[in-house]
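2 protein chains.
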Amino acid sequence: MTLRDDVRRIALAARDAARALRAASAGPARDAALLRVADLLGSPPDRTALDAANAADFAAATGSGMTGPKLDRLKLTARVLADLRQGLAEVAAMPDPVGEMTDVRTRPNGLRVGRMRIPLGVVAMVFESRPNVTIEAASLAVKAGNAIVLRGGSEAHRSNLALAAMFRRALAESGLPEDAVQVVPTTDRDAILELCRLDDLIDVIIPRGGEALIRLVADNARMPVLKHYKGVCHIYVDEGADLDTARRIAVNAKAQKPGVCNAMETLLVHASAAGPFLPAVAADLAAAGVELRGCGRTRALVPSALPATDDDWAAEYLDLVLAIRVVDSLDEAMSHIARWGSSHTEAIVTRDHARAMRFVTEVDSSLVLVNASTRFNDGFQLGLGAEIGISTSKVHAFGPMGVRELTTQKFVAFGDGQVRT
Amino acid sequence: MTLRDDVRRIALAARDAARALRAASAGPARDAALLRVADLLGSPPDRTALDAANAADFAAATGSGMTGPKLDRLKLTARVLADLRQGLAEVAAMPDPVGEMTDVRTRPNGLRVGRMRIPLGVVAMVFESRPNVTIEAASLAVKAGNAIVLRGGSEAHRSNLALAAMFRRALAESGLPEDAVQVVPTTDRDAILELCRLDDLIDVIIPRGGEALIRLVADNARMPVLKHYKGVCHIYVDEGADLDTARRIAVNAKAQKPGVCNAMETLLVHASAAGPFLPAVAADLAAAGVELRGCGRTRALVPSALPATDDDWAAEYLDLVLAIRVVDSLDEAMSHIARWGSSHTEAIVTRDHARAMRFVTEVDSSLVLVNASTRFNDGFQLGLGAEIGISTSKVHAFGPMGVRELTTQKFVAFGDGQVRT
Numbered sequence: 419m420t421l422r423d424d425v426r427r428i429a430l431a432a433r434d435a436a437r438a439l440r441a442a443s444a445g446p447a448r449d450a451a452l453l454r455v456a457d458l459l460g461s462p463p464d465r466t467a468l469d470a471a472n473a474a475d476f477a478a479a480t481g482s483g484m485t486g487p488k489l490d491r492l493k494l495t496a497r498v499l500a501d502l503r504q505g506l507a508e509v510a511a512m513p514d515p516v517g518e519m520t521d522v523r524t525r526p527n528g529l530r531v532g533r534m535r536i537p538l539g540v541v542a543m544v545f546e547s548r549p550n551v552t553i554e555a556a557s558l559a560v561k562a563g564n565a566i567v568l569r570g571g572s573e574a575h576r577s578n579l580a581l582a583a584m585f586r587r588a589l590a591e592s593g594l595p596e597d598a599v600q601v602v603p604t605t606d607r608d609a610i611l612e613l614c615r616l617d618d619l620i621d622v623i624i625p626r627g628g629e630a631l632i633r634l635v636a637d638n639a640r641m642p643v644l645k646h647y648k649g650v651c652h653i654y655v656d657e658g659a660d661l662d663t664a665r666r667i668a669v670n671a672k673a674q675k676p677g678v679c680n681a682m683e684t685l686l687v688h689a690s691a692a693g694p695f696l697p698a699v700a701a702d703l704a705a706a707g708v709e710l711r712g713c714g715r716t717r718a719l720v721p722s723a724l725p726a727t728d729d730d731w732a733a734e735y736l737d738l739v740l741a742i743r744v745v746d747s748l749d750e751a752m753s754h755i756a757r758w759g760s761s762h763t764e765a766i767v768t769r770d771h772a773r774a775m776r777f778v779t780e781v782d783s784s785l786v787l788v789n790a791s792t793r794f795n796d797g798f799q800l801g802l803g804a805e806i807g808i809s810t811s812k813v814h815a816f817g818p819m820g821v822r823e824l825t826t827q828k829f830v831a832f833g834d835g836q837v838r839t
Numbered sequence: 419m420t421l422r423d424d425v426r427r428i429a430l431a432a433r434d435a436a437r438a439l440r441a442a443s444a445g446p447a448r449d450a451a452l453l454r455v456a457d458l459l460g461s462p463p464d465r466t467a468l469d470a471a472n473a474a475d476f477a478a479a480t481g482s483g484m485t486g487p488k489l490d491r492l493k494l495t496a497r498v499l500a501d502l503r504q505g506l507a508e509v510a511a512m513p514d515p516v517g518e519m520t521d522v523r524t525r526p527n528g529l530r531v532g533r534m535r536i537p538l539g540v541v542a543m544v545f546e547s548r549p550n551v552t553i554e555a556a557s558l559a560v561k562a563g564n565a566i567v568l569r570g571g572s573e574a575h576r577s578n579l580a581l582a583a584m585f586r587r588a589l590a591e592s593g594l595p596e597d598a599v600q601v602v603p604t605t606d607r608d609a610i611l612e613l614c615r616l617d618d619l620i621d622v623i624i625p626r627g628g629e630a631l632i633r634l635v636a637d638n639a640r641m642p643v644l645k646h647y648k649g650v651c652h653i654y655v656d657e658g659a660d661l662d663t664a665r666r667i668a669v670n671a672k673a674q675k676p677g678v679c680n681a682m683e684t685l686l687v688h689a690s691a692a693g694p695f696l697p698a699v700a701a702d703l704a705a706a707g708v709e710l711r712g713c714g715r716t717r718a719l720v721p722s723a724l725p726a727t728d729d730d731w732a733a734e735y736l737d738l739v740l741a742i743r744v745v746d747s748l749d750e751a752m753s754h755i756a757r758w759g760s761s762h763t764e765a766i767v768t769r770d771h772a773r774a775m776r777f778v779t780e781v782d783s784s785l786v787l788v789n790a791s792t793r794f795n796d797g798f799q800l801g802l803g804a805e806i807g808i809s810t811s812k813v814h815a816f817g818p819m820g821v822r823e824l825t826t827q828k829f830v831a832f833g834d835g836q837v838r839t
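Protein chains in written order, with this note's numbering: chain A, 419 to 839; chain B, 419 to 839.
By construction, these hints were calculated from the structure, which means they are not laboratory data. Since the model is a prediction, treat every value here as computed from it, not as a measurement. Keep in mind that the hints are not guaranteed to be accurate.
Any copy, or any two copies together, can satisfy a pair, since identical chains are not distinguished.
The calculated lysine to any residue pairs, modelled on SDA-like cross-linking and capped at a C-alpha distance of 25 Å, are [unchecked claim]: (1) Lys493 <-> Ser722; (2) Lys648 <-> Asp618; (3) Lys648 <-> Asp434; (4) Lys488 <-> Pro462; (5) Lys675 <-> Leu634; (6) Lys828 <-> Asp749; (7) Lys675 <-> Asn550; (8) Lys828 <-> Arg838; (9) Lys675 <-> Val739; (10) Lys648 <-> Thr727; (11) Lys675 <-> Met534; (12) Lys648 <-> Arg535; (13) Lys493 <-> Gly693; (14) Lys493 <-> Arg433; (15) Lys828 <-> Ala774.
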């Protein structure tokens, strides 16, 4: 068997499994499977096999010189497993999105036309490092009635296989086809390219990881891709803003968890607010350990800031570093965001209603906030539940992708003999 | 300037124009522009220039040997122009989709979170033959707040340029940037490939035409593609169906307009209904000039039918030809559809509620009907208004794509100082 045959066989089995998962009666079985995975994660013999697989991955990674956060992310600690079990219970408890009917209206000829929510079908997910993504992604996919084909990173391959084996057992024990969750059995990079070609079998592919991986999938996939590259998030402090509020929001957005995509990377300040605001917020940020890079007008007010270059406006630092620029108007702030932003998350701090509404309307990002921290761009924080990623491309999903974004809508029509005249 | 520079310059101008079109105040101007296009289409000097351009295209096509329906589709007759003017007025009269806010809820921390409908941004449309698509596509794109880059067929190039010039004049006269509607100035095939590369500037690409064109775009585009390949539509006549209703629906779905994607191509009949039904419907269809191709059991009841092969189950005839197969159950009918269908439109004729609901739930097509003709898969018929195409891929849009499908939703959040803890 060639790799191409192997990957195609997996996708074919996924397509067949997807048919069983979207049956009207499958909703309770899908939830039962998620709860069963939570059970299996907590007890031997599956837990024992998982711990052994994860220890083997960890030892191999250590042996190959991996260290630091990347090594940490590999480890399925008791805490990580407890979080996974809680997440499974929460996803199982959500309402079943499949079969929801909306916009049902009666046409003049008596035909009742509406939209019905349905699974996407077969989802492929390509990701790096954290093996817990296997469970998180599979649980959201199955909740939404989809089959999923997973291709994780080589360093977590044994763990991914053990987690998928657990999920497959839970599916079978719940009366569902185990091929609804499959891991590509090789970590060969060509397997990604093979997945990208199967647009007759795979409905959507989701890459999650570094920019190189995402670009590889986006350039080669023949099916739709749901992705985000990076988060270069901005906060704009408007003329007349409440400066205490602005300080609290800026420090939270930068320093509460700097290594995530919804952390602020550039602070834009209206010239009339800069004089009182910048020295004060710079002191707050310095106390939080943040290094500052500023435009000329910023540095005149905050001498400790290093000079900012175009590289800083484009940077996703994911670290305790912040770029600051003084602007002369809301329009200049929005132009800066349009030029340098990544369509991820932007916020305005203002007391002016008209400018708040202009910012919300005209800034083209997946979440636009007024008087709140950029850190709220997260499925749980927005009230959507668990997410499989945050999309910064606008087609199908823009922002956190949860269970709903793993579904679509078809049209249905109920008639009593209508024909077209 | 190379072709690459040229196409990139056009897309950059479109992106800038898109920013102006999505401003909160732009809705009335967008509608005014559509109504102004309708005016210009009806009167000199623009109408005169358009007639000259269309006559030149028609003469060139005739000179190169073009005949039949393809030549007819090229001609902008008084009837076609009147329909375009009426379509523009109808699209202008639709409610503005941009800015609609839904699902607004207050989070426990007081943050009000909701979804706001926004334009996609820049739409690229690649199409063949009919020049009226220039106006139809541009009007839907602009109504939804998008800029559009059009690349039509070479045989209609002069007409497309004249129509776009009219649209650009109407935009400028309505206070909007004329670059919101642009035609790629060359019909070089490489221009399509250049468009496909510009995922930093173009948000979605829509190919419309033959399968080769759609495949070219799907294989090369780095941005999302909204498409449909073909419509192999089925009607299943269930056990116990009302056979008079089934006859009327089958004849309508096949013969009312056989050359369109929502016409029926295969009729599936439950074995218990075949005896009384098939000879009767065969007579109706023969009277309508339809040639029949059947399975063995069909031919035993309808001796005039030719033998059907696998090629017939896969065929989109777009003609007065119909494939017929006798099946033993609803499941066998649904398996046939899953194997041979194109996810476009399928209908069941039945009196049984449980089987109707199973068919509607489990058949994975953009429109699934009960007791009605497949010919209703059309934006106007479903009550959605004008459409830019019918999507048979499930991501973003599945079924007729109208104004709403040329928009997306972002998240918005209104706070009073919320930070993440």
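For Lys493 and Ser722, with the copy left unspecified, which applies at a CA distance of at most 25 Å: within, between, both, or neither? neither (40 Å within a copy, 70 Å between copies)
Pop the pair Lys488 and Pro462 into one bin, within, between, both or neither, using alpha-carbon distances up to 25 Å. neither (28 Å within a copy, 69 Å between copies)
How would you classify Lys828 and Asp749 at a CA-CA limit of 25 Å: within, between, both, or neither? between (40 Å within a copy, 20 Å between copies)
Using 25 Å as the alpha-carbon threshold, which applies to Lys828 and Ala774: within, between, both, or neither? Answer is between: at 16 Å across copies they meet the 25 Å cutoff, but 36 Å inside does not.
Checking Lys648 and Arg535: alpha-carbon separation at most 25 Å within a copy, between copies, both or neither? Classified as between; 23 Å across copies, 30 Å inside a copy.
Could you figure out if Lys648 and Asp434 sit no more than 25 Å apart (CA to CA) within one copy, between two copies, both or neither? Answer is between; shortest inter-copy Cα gap is 22 Å, intra-copy 35 Å.
Reference check for the pair Lys675 and Met534, CA-CA at most 25 Å: within, between, both, or neither? neither (39 Å within a copy, 27 Å between copies)
Treating 25 Å as the Cα threshold, decide for Lys648 and Asp618: within, between, both or neither. Only across copies: Lys648 and Asp618 sit 14 Å apart there, 29 Å inside one copy, limit 25 Å.
25 Å Cα threshold - placement of Thr727 relative to Lys648: within (19 Å within a copy, 51 Å between copies)
Checking an output row: Lys828 and Arg838, CA cutoff 25 Å. Within, between, both or neither? within (20 Å within a copy, 37 Å between copies)
Pop the pair Lys675 and Asn550 into one bin, within, between, both or neither, using alpha-carbon distances up to 25 Å. within (20 Å within a copy, 53 Å between copies)
When no copy is named, should Lys675 and Val739 be tagged within, between, both, or neither for a Cα gap of at most 25 Å? within (12 Å within a copy, 64 Å between copies)
Of the hints listed earlier, those the structure fails to meet are numbers 1, 4, 5, 11, 13, 14, in rising order.
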